[in-house]
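Q: Sequence:
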Amino acid sequence: MPIAASVQGLGVHLRTAKATKSAALSQLADKETNTRTTKSLHEVLESFIFNLSIGKAKWHWLLKFILAYYLGVIVVIYNVLLTEINGWVN
Numbered sequence: 000m001p002i003a004a005s006v007q008g009l010g011v012h013l014r015t016a017k018a019t020k021s022a023a024l025s026q027l028a029d030k031e032t033n034t035r036t037t038k039s040l041h042e043v044l045e046s047f048i049f050n051l052s053i054g055k056a057k058w059h060w061l062l063k064f065i066l067a068y069y070l071g072v073i074v075v076i077y078n079v080l081l082t083e084i085n086g087w088v089n
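Numbering that gives the first Met the number 0 puts the first residue of the sequence shown at 0, with every later residue one more than the last.
Source of the hints: derived by calculation from the structure; they are not laboratory data. Glycine residues also receive a C-beta, built at the ideal position from the N, C-alpha and C atoms. Check each hint, because a few of them may be wrong.
Unchecked claim - Here are the computed distance ranges between Cβ atoms for each label pair:
| hint | residue 1 | residue 2 | range |
| --- | --- | --- | --- |
| 1 | L66 | V43 | 23 to 31 Å |
| 2 | L80 | K55 | 30 to 38 Å |
| 3 | N85 | S39 | 48 to 56 Å |
| 4 | K55 | N85 | 42 to 50 Å |
| 5 | N85 | L62 | 17 to 25 Å |
Generate coordinates for the entire structure from the input sequences, incorporating the hints supplied.
A: Structure representation (structure tokens):
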């Protein structure tokens with residue numbers, strides 16, 4: 000009995016050398032892409048955290064948040080003032 004027949008009888012499929020090589024290269028390419036993407040995301044997050052640790056950046060983001068929150072409250076109050084109190088219709 001040939002070796003290939005006995006191996007196939009065990010449920011193991013034989014691959015050609017070309018198919019094995021292309022599968023290995025495909026897995027390697029996927030792994031490198033995933034690693035590069037993960038590394039890039041990690042570097043971006045690390046950079047953002049580092050920038051927030053600098054005092055100037057902390058104040059910048061804090062003041063932007065306060066300004067955005069304040070403007071949002073003004074818009075809500077203005078809408079309530081116009082619609083409910085003065086009876087204006089949008």
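Q: Does each hint hold? Answer for all of them.
A: Comparing the hints with the structure gives:
no., hint, in the structure
1, L66 x V43: 23 to 31 Å, "25 Å, holds"
2, L80 x K55: 30 to 38 Å, "37 Å, holds"
3, N85 x S39: 48 to 56 Å, "53 Å, holds"
4, K55 x N85: 42 to 50 Å, "43 Å, holds"
5, N85 x L62: 17 to 25 Å, "32 Å, violated"
Going down the numbered hints, you'll see the structure goes against just number 5.
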